[in-house]
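Student: Fit chain Z to the known structure of chain U by using the hints.
Going line by line, the protein sequences match chains U and Z. Numbering follows numbering that gives the first Met the number 0, with no gaps: position 133 of the first sequence is 132. Numbering follows numbering that gives the first Met the number 0, with no gaps: position 121 of the second sequence is 120.
Check the hints yourself; a few may be wrong.
For chains that are exact copies, the list does not tell them apart, and a pair is met inside one copy or across any two.
[Stated by the list, open to error] Calculated cross-link-like contacts (lysine to aspartate or glutamate; reagent style DMTMM-like; alpha-carbon spacing at most 20 Å):
| # | residue 1 | residue 2 |
| --- | --- | --- |
| 1 | K157 | E70 |
| 2 | K245 | E97 |
| 3 | K157 | D138 |
| 4 | K157 | D65 |
Just so you know, the hints here were simulated from the structure itself, not pulled from any lab data.
Protein chains: 2
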Amino acid sequence: MPDLRRVTGAEVRRQARSGELTGPTPGLALGYVQANLVVVPRDIAFDFLLFCQRNTQPCPLLDVTDPGCPEPRYAAPGADICSDVPRYCAYRYGELIEEPSDLFGWWRDDLVGFLLGCSFTFENALLKAGIPVRHIEQDRNVPMYRTNIACRPAGVFKGPMVVSMRPLTSAQAEAAARICQRFPLAHGAPVHVGNPSALGIADINRPDFGDPVEIRAGEEPVFWACGVTPQAVAMQARPSLLLTHKPGHMFVTDLRDSDLEGR
Amino acid sequence: MPDLRRVTGAEVRRQARSGELTGPTPGLALGYVQANLVVVPRDIAFDFLLFCQRNTQPCPLLDVTDPGCPEPRYAAPGADICSDVPRYCAYRYGELIEEPSDLFGWWRDDLVGFLLGCSFTFENALLKAGIPVRHIEQDRNVPMYRTNIACRPAGVFKGPMVVSMRPLTSAQAEAAARICQRFPLAHGAPVHVGNPSALGIADINRPDFGDPVEIRAGEEPVFWACGVTPQAVAMQARPSLLLTHKPGHMFVTDLRDSDLEGR
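Next comes chain U alone, as it looks inside the complex:
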């Protein structure tokens, strides 16, 4: 059994496809870009693509599949978004119906898959630079919050930006901003540092998604645009069908973190 932290993205996908891997993917295939997956029918795919184009910071597009084709030809040639994720969520009219291990029973000729950049890419860069990532230290999910920042709407898709939070000292926050702005396809630089109420967040200890983390003396909360935004907005639009990865169970691409630098 190879150490899954040190394998390629293709190997993680192979294990997800074969059913050997059914759990979450953080820390696996280190150095390979992991992606959020959103699948919608063709009739609202234009709206969703436009929503992503209008809100690139929470919705950085890595690849979009052709309608009916499950292969992300740019991010992972030969891969299959129907089978290569460890666990999926299937929603009808905004309600979670099933958490399938593949999408073969759900796939249709009019479906379009979207792969969106994810915070793991910049978290790896932060850790390499010696900047702590508290929820990883505390072995929790990152805390996420709905904000008062309205996304630019597109057709049926509208709603607030969701942000993730990592506590840092001022010096660490400045270094983190410099590092993260090199990765626009992984949410880029923080959207806010310091004051939760400026974002409409009432209680930093009660995130809307994920787990609270400790903020230590001398630290302030640092907020990044979050890839949960497009999923939250898509669920709120209540489309007849919406398929996504299960949170934390990402699609691992063939792209390297360094491929996203400056892109």
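Tutor: What follows is chain Z alone, placed relative to chain U:
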């Protein structure tokens, strides 16, 4: 009569709308971002948006209008893509039908407008840095060439990348690359320096579009992805209706060149 080089983008649009300005826009409203305009029906707008997403260097999206709405709310709130360009081209099934001064007679509820970044933005930056731009010196159109670089296709849209060429010394080319890579929404860094045949260009003195320019001793041709690419590809798809700006007669936005830096 104000000097149109020193007015705002809004003033250029006002003069285009009123019919005072019917000519080309290079050099007008210096510092404001000028844009290519492509308008297609909703049924192929997803394909065109996807084509742009897959080919960001020739097709950098500045703004996309809602179907049926002629206002580019991000790039120029309050503006009207039907009237604010000095001259348009209207194509049916790939054939040029008319060069109207407004689109009111052509507009439909299912049309979607795309504003794409343009080389004027980086040319202004080059000139500011003392790097010569030959076709401006020679008062010609920039020479443009079809290449052997295939764009990533999307639905009905496929075809080769078109590039523009400016002759520079090696030192100037290196400086230009550093400057232009700061403007990914204006085609970014050059795609090739030096060898036309590497791009499948048979004769550098016979461009496919625009005019030839002099290449002096010690200079080499420097090639950039060109905003004519999406127009060439859109014409080749022969859609039932395609509306564009007339070459050189651009939509001038409210965005400043500096707004595009690093974006």
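Student: Decide, hint by hint, whether the structure agrees.
Tutor: Hints and how they fare:
no. : hint           : result
1   : K157 with E70  : between (28 Å within a copy, 19 Å between copies)
2   : K245 with E97  : within (10 Å within a copy, 52 Å between copies)
3   : K157 with D138 : neither (32 Å within a copy, 47 Å between copies)
4   : K157 with D65  : between (24 Å within a copy, 13 Å between copies)
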